[in-house]
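J.: Chain residues, written in single-letter form:
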Amino acid sequence: MTADHGVWVYAVTGADLPDEAVSDVTGVAREAVRAVSAAGLTAVVGTVPLGEFGEEALRSNLENLEWLETVARTHDAVVSAVVRWAPAIPLRLATVYLDDARVCDVLEARRADFDAALTLVAGRTEWGVKAYADVDAIAAGAVETAGSGAEKGTGTAYLLRRKAQLSAREDAERAAADRADTLHALLLQHSAAGRRQPPTDPTLSGRRDRMVLNGTYLVDDARSDEFAEAVAAARTQFDGLELELTGPWPPYSFAGVDRGNP
Amino acid sequence: MSEVPEERRIALVDLLDRVLAGGVVIVGDVVLSVADVDMVRISLRTLISSVRAIAEDQGIEQQGIEQQGIEGP
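In order, the protein sequences belong to chains H and L.
Letter 150 of the first sequence, counting from 1, is numbered 150 in our numbering, and no numbers are missing.
To convert a position in the second sequence, counted from 1, into our numbering, add 262.
It is worth saying that the hints were derived from the structure and are not from the lab.
Do not take every clue at face value.
As the list claims (entries may be wrong) - Partial list, derived from the structure: chain H residues whose beta carbon lies under 8 Å from chain L:
hint : residue
1    : D24
2    : R92
3    : T200
4    : W249
Claimed, not checked - Incomplete in silico selection of chain H near chain L, CB under 8 Å:
hint : residue
5    : P18
6    : A21
7    : R73
8    : H75
9    : D76
10   : W85
11   : I89
12   : L91
13   : L93
14   : D115
15   : A117
16   : Q189
17   : A193
18   : Q197
19   : L204
20   : G256
Stated by the list, open to error - DEER-style ranges, computed between Cβ atoms:
hint : chain 1 : residue 1 : chain 2 : residue 2 : range
21   : L       : A273      : H       : D225      : 22 to 28 Å
22   : L       : A273      : H       : A101      : 26 to 32 Å
23   : H       : E52       : L       : A273      : 22 to 28 Å
We put the CB at the ideal spot given by N, CA and C, even for glycine.
Taking the hints into account, I'd like the entire structure generated from these sequences.
T.: And the structure:
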């Protein structure tokens, strides 16, 4: 390894990785993806130029959406190829070492953590469920009912309507949050693990209605149909929530890192 | 073709959520002092500002993002 190249790590698996498992994919620098093994573990890596993937370069490249999208999709493609072959732990984007020996050091030092994480994800797949609530629509429905008692056009009617608007919105928000809590608890019953992530920025979701659940679940492969059926049933069961199911994902959210509150 | 960018954008958000905020975190040799949460913030800022640019300038920017070539798995 020369000083101007580094080793990008995609994933770690407990299995021997045959060449054919990753022969169809190339890495983030269009490099051939290869295996580095130590301590009974295999890291799937690629050699990348530090001119593009060193600290300084990464810092500015991460601000470039085209670069970021390409690298994120390529990283995911490699990780997905590995996961199709054997249970594997994805590395966070942009984990770069100076040479293969350093990768081996990490496999040895973190062996117990990797083993525990691999045990957790074996035979399981990550699925995402997002729930959106149109709080305004729920509240508007309640206000129409509330204003109809008093005569239209009177000051009293206006005040009643205004008061109803404010409390209806609060009620609608609370109701939507309660339904999201119930939905999350329900989905946990069909999965091995699950966690709630912060809601996506509304600018990115491109939606006016509010994201009330951004959940991600690790589901036994034997129960994936059951999980999908539970989501389908929830679409009708949870009035006022719109659900979005994404996946299958490599187990990014269950890689064995404590990331604060679930 | 006009529907593709929106879908791809949403799929990209889901993907970035996972590759930037998920995955096992091990300090590499090439240490990003913007690692972890900061890296997520930077990238989200990148994404958000580009989405705003799209909204303000429908068409041209949108094509730029859509046509950039790499397909998801």
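J.: The structure should be examined with respect to each hint, and the outcome stated for every one.
T.: Taking the hints in turn, this is what the structure says about them:
1. D24: Violated. Min distance 10 Å.
2. R92: It holds, given that the least Cβ distance between R92 (chain H) and chain L is near 4 Å, below 8 Å.
3. T200: holds, 6 Å
4. W249: With a minimum Cβ separation of about 6 Å from chain L (threshold 8 Å), the hint on W249 (chain H) holds.
5. P18: With a closest approach of 19 Å, the P18 (chain H) hint is violated.
6. A21: violated, 14 Å
7. R73: holds, 5 Å
8. H75: holds, 6 Å
9. D76: Holds, because the Cβ-Cβ distance from D76 (chain H) to chain L comes to roughly 6 Å (cut-off 8 Å).
10. W85: violated, 14 Å
11. I89: Where the cut-off is 8 Å and the nearest Cβ of chain L is about 5 Å from I89 (chain H), the hint holds.
12. L91: With a closest approach of 5 Å, the L91 (chain H) hint holds.
13. L93: holds, 4 Å
14. D115: For D115 (chain H), the interface hint is violated, since the closest Cβ of chain L sits about 12 Å away, which is over 8 Å.
15. A117: holds, 7 Å
16. Q189: Where the cut-off is 8 Å and the nearest Cβ of chain L is about 23 Å from Q189 (chain H), the hint is violated.
17. A193: Since chain L brings no Cβ nearer than about 13 Å to A193 (chain H), farther than 8 Å, the hint is violated.
18. Q197: holds, 7 Å
19. L204: holds, 5 Å
20. G256: This hint holds: G256 (chain H) lies near chain L, its Cβ roughly 6 Å from the closest one there, short of 8 Å.
21. L:A273 <-> H:D225: 22 to 28 Å: Given about 23 Å between the Cβ atoms, the range holds.
22. L:A273 <-> H:A101: 26 to 32 Å: violated, 37 Å
23. H:E52 <-> L:A273: 22 to 28 Å: holds, 24 Å
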